[in-house]
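Asker: Spelled out from the first residue to the last, the chains are:
2 protein chains.
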Amino acid sequence: MLFSQFFAPTSRDVPSEAVVISHQLMIRAGMISKTASGIYCWLPLAMRVMEKIIAIVADEQSKIGSQRVLFSTIQPAELWKESGRYDSYGKEMLRIRDRKDGEFLYSPTNEEQATDIFRKYVHSYKYLPLMLYQIHWKFRDEIRPRFGVMRGREFLMKDGYSFARNFAEAQEIYQRVFHSYINTFRRMGLIAIPVQADPGAIGGNMSHEFQILAETGESTLFYDGRLLNASAEEQLSIYAVTDDRYDSQTAPIPKEELMVSKGIEVGHIFYFGTKYSKPLDAYVLDENGNKLYPEMGSYGIGISRLIAAIIESSHDNRGIIWPEAVAPFDVTILNLHQQDEECRDIALKLYQAISSKREVLYDDRSISVGEKLADADLIGIPYQIIVGQKKIREGKVELKNRKTSNVELLSPEEVIKRFTSNGE
Amino acid sequence: MLFSQFFAPTSRDVPSEAVVISHQLMIRAGMISKTASGIYCWLPLAMRVMEKIIAIVADEQSKIGSQRVLFSTIQPAELWKESGRYDSYGKEMLRIRDRKDGEFLYSPTNEEQATDIFRKYVHSYKYLPLMLYQIHWKFRDEIRPRFGVMRGREFLMKDGYSFARNFAEAQEIYQRVFHSYINTFRRMGLIAIPVQADPGAIGGNMSHEFQILAETGESTLFYDGRLLNASAEEQLSIYAVTDDRYDSQTAPIPKEELMVSKGIEVGHIFYFGTKYSKPLDAYVLDENGNKLYPEMGSYGIGISRLIAAIIESSHDNRGIIWPEAVAPFDVTILNLHQQDEECRDIALKLYQAISSKREVLYDDRSISVGEKLADADLIGIPYQIIVGQKKIREGKVELKNRKTSNVELLSPEEVIKRFTSNGE
Chain A
921 MLFSQFFAPT SRDVPSEAVV ISHQLMIRAG MISKTASGIY CWLPLAMRVM
971 EKIIAIVADE QSKIGSQRVL FSTIQPAELW KESGRYDSYG KEMLRIRDRK
1021 DGEFLYSPTN EEQATDIFRK YVHSYKYLPL MLYQIHWKFR DEIRPRFGVM
1071 RGREFLMKDG YSFARNFAEA QEIYQRVFHS YINTFRRMGL IAIPVQADPG
1121 AIGGNMSHEF QILAETGEST LFYDGRLLNA SAEEQLSIYA VTDDRYDSQT
1171 APIPKEELMV SKGIEVGHIF YFGTKYSKPL DAYVLDENGN KLYPEMGSYG
1221 IGISRLIAAI IESSHDNRGI IWPEAVAPFD VTILNLHQQD EECRDIALKL
1271 YQAISSKREV LYDDRSISVG EKLADADLIG IPYQIIVGQK KIREGKVELK
1321 NRKTSNVELL SPEEVIKRFT SNGE
Chain B
921 MLFSQFFAPT SRDVPSEAVV ISHQLMIRAG MISKTASGIY CWLPLAMRVM
971 EKIIAIVADE QSKIGSQRVL FSTIQPAELW KESGRYDSYG KEMLRIRDRK
1021 DGEFLYSPTN EEQATDIFRK YVHSYKYLPL MLYQIHWKFR DEIRPRFGVM
1071 RGREFLMKDG YSFARNFAEA QEIYQRVFHS YINTFRRMGL IAIPVQADPG
1121 AIGGNMSHEF QILAETGEST LFYDGRLLNA SAEEQLSIYA VTDDRYDSQT
1171 APIPKEELMV SKGIEVGHIF YFGTKYSKPL DAYVLDENGN KLYPEMGSYG
1221 IGISRLIAAI IESSHDNRGI IWPEAVAPFD VTILNLHQQD EECRDIALKL
1271 YQAISSKREV LYDDRSISVG EKLADADLIG IPYQIIVGQK KIREGKVELK
1321 NRKTSNVELL SPEEVIKRFT SNGE
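Chains as they are written, first to last, in the numbering used here: chain A, 921 to 1344; chain B, 921 to 1344.
A hint or two may mislead.
Any copy will do: because identical chains look the same in the list, a pair fits if it lies in one copy or spans two.
Derived pair list, reagent style DSSO-like, types lysine-lysine, alpha-carbon separation capped at 30 Å [said to hold, decoys possible]:
id, residue 1, residue 2
1, Lys1311, Lys1323
2, Lys983, Lys972
3, Lys983, Lys1269
4, Lys1277, Lys972
5, Lys1001, Lys1020
6, Lys954, Lys1198
7, Lys1011, Lys954
8, Lys1211, Lys1001
9, Lys1337, Lys983
10, Lys1046, Lys954
If you are wondering where the hints come from, they were derived from the structure by calculation, not from laboratory data.
Pulled out of the complex, with its shape left as it was, chain A reads as follows (with noise of 0.2 Å):
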């Protein structure tokens, strides 16, 4: 892709309502427009990202046997009406009259969607254990939106939903889907730590919260350090919480083990039981003819949220620094002397020998060198490939790693090898 075509406004303004740093960083590298308070529209850079990461959370999801479908954003009340939240959810639920005033809302979350899906479609317990997940867009009426997609109003999420036969199936598929979602961040190159959680509005009696590790974080938590070199399986009953259930008296950890750190919530899990299925009568025959209601579960990453989240806990001063597998362009051309026949002989080269294995942003736009740098250290893209006046008359190109600074001196045979043979 070339700079001078790719739609990425970037800037050095940023609104005065934009506190947070992923916030500033998504505005200022053209990643974000603001339709309205909480309300965005994703532009290009973001886009790419956005795509890779659900990507990743697809093909991790496909590895669990969970099965893709789509929910409506718009679902009548009266589905609501059945499981009692309807009413009880309050004012963060958006509330629609259609043209016949029929009472309809906008989809905050889809227990009674997939069990409605469920006991229209399933009646025998031999098509259990079923999960299902979708990928879709949800709202949620927050009295107070803030920090940028970190806490919108319309958000992308990965929801899923089991279906067990039995207690021991379902917290089987708990402890898969916890696995699961550890491998998930690791493989965006994020640590998680998996807190023990409050169900909340979502119900039940198990319940994690996924959080990132990120100095900005918006919680505190207190965990065993051992949990970061655990298996899944311990991590389950390593402790770790957030502040609000913290008590230093009573917390099951020896004092040189206690780590404090702040994080990000990126996902949650419940265990609930037949909370949704019983009341929506949603139930299989079992071996012996009887009644069998699911017990489920329901496990969500926040995809959009992520994205800052990334950008919180992966930045410096100048800008995002972008973890490669979740990176808008693995790698980024930067011409300084556009106006030079030999940078541009060589920097389209580069270009075009490394396109073919990597997706490349050549930024070959006329703008000063300060600007062309300031743009690609904002930006965050993996590597930067600088071609240069001077440098270039000695035969050599720069390989910056935009994490580490770390700057090397390369033939530009060298940089395309690096590129493209396997392996980096």
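Here the structure of chain A is known, so what remains is to put chain B in place on it, guided by the hints.
Answerer: Same frame as chain A, now just chain B:
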């Protein structure tokens, strides 16, 4: 994918409200589940088709230089008051009040949103032309939603927007999109007829609809048969209209070339000049520092509708016949005798070998031979590999082409080679 673990609730029954064949087949094949009038959930089989269509559409958009964004589904009324459409759009617009009693709506189209983003970020003629598109859900509160997802209220579209310096550039883009649409539909195995159209609510003075041929189509097309073999550039001016615009007295078409076919609208493109850029005061500065209002166009493909339209244009009395490019799986293996050890061994071997290169649905369910064959024809995967006791004793399996019903008797090795070597 093992069918025993695949959530595709096939059925013999269809609700009486399903009057068109695509609606009936989508329900019978377990592709969609109704949430409310004109609102559906999409089940795994449909999701696989949708993802393939999205991939083709996105690839063709990228080829013409259009960049992917995502507009919000919920938009402030204020923006639509600027264009005048908040009042003129009528009851098809789903109007919403948020918790603070602010006026919002669920986006039915995005000329305003696209123009708003343009005016915020693009200030110089140097950045023109610009093309943006999204693939996202919209809502139109139809008074009579019908025909399943063919005329739903919540629907998935690709909608694109272009901004050009002048009329000539706008026309060049219009032609580029026109050509790209023909290719997009052709890649899905469809013949699309571009017909001169009425710009309707979008406005403007140049518009084409793309209709795919289907005997059960809702539109009647009158066109010059030479259209079918013309280049896309020639197609722009060859006569083709829907019945509401046809007049046999004045139609500029030789009698012997007149073709009459049924069609289904799946795409619509518009050129409308400065209809939105002027009222929204979206301008750039030209070479001389003067205001230049971009000449705009918008370009839609109805993706959820297309899934139904493909079924209308490609089915028989046994079920769906997916064109290969959009089929949910490339091939299905039917093991007719799941209890027979040799059949199980051969079917599993075929499944493992072919899965390495192709998407395979292996029907390993313990159901009757008749049900298995009927489900395969209903679901419409292009190739069926039928493993049965009798033929296996002769060292053969059957390879059936769903479309032609042609059956070949081949050894398992020959079938594996057919699907795993390059080319078919």
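Asker: Look at each hint and say if it fits the structure.
Answerer: Hint check:
In the homo-oligomer, the alpha carbons of Lys1311 and Lys1323 lie at most 30 Å apart inside one protomer (22 Å), although the nearest pairing across protomers, at 62 Å, exceeds that limit. Taking the closest pair of Cα atoms, Lys983 and Lys972 come within 30 Å of each other both inside a single copy (17 Å) and across two copies (20 Å). For the identical chains of this complex, Lys983 and Lys1269 are inter-copy neighbours only, at 21 Å across copies versus 40 Å inside a copy, given an alpha-carbon limit of 30 Å. Both within a single protomer and between protomers do Lys1277 and Lys972 lie at most 30 Å apart by alpha-carbon distance, with minima of 16 Å and 23 Å respectively.
In the homo-oligomer, the alpha carbons of Lys1001 and Lys1020 lie at most 30 Å apart both inside one protomer (19 Å) and across protomers (23 Å), since each shortest distance falls under that limit. Taking identical chains as interchangeable, the C-alpha atoms of Lys954 and Lys1198 lie at most 30 Å apart only when they sit on different chains, with a minimum of 21 Å there against 41 Å within one chain. With identical chains, the CA atoms of Lys1011 and Lys954 are at most 30 Å apart both within one copy (22 Å) and between copies (27 Å). In the homo-oligomer, the alpha carbons of Lys1211 and Lys1001 lie at most 30 Å apart inside one protomer (23 Å), although the nearest pairing across protomers, at 55 Å, exceeds that limit.
Taking identical chains as interchangeable, the C-alpha atoms of Lys1337 and Lys983 lie at most 30 Å apart only when they sit on different chains, with a minimum of 27 Å there against 33 Å within one chain. With identical chains, the CA atoms of Lys1046 and Lys954 are at most 30 Å apart between copies only, with a shortest distance of 24 Å across copies and 48 Å within one.
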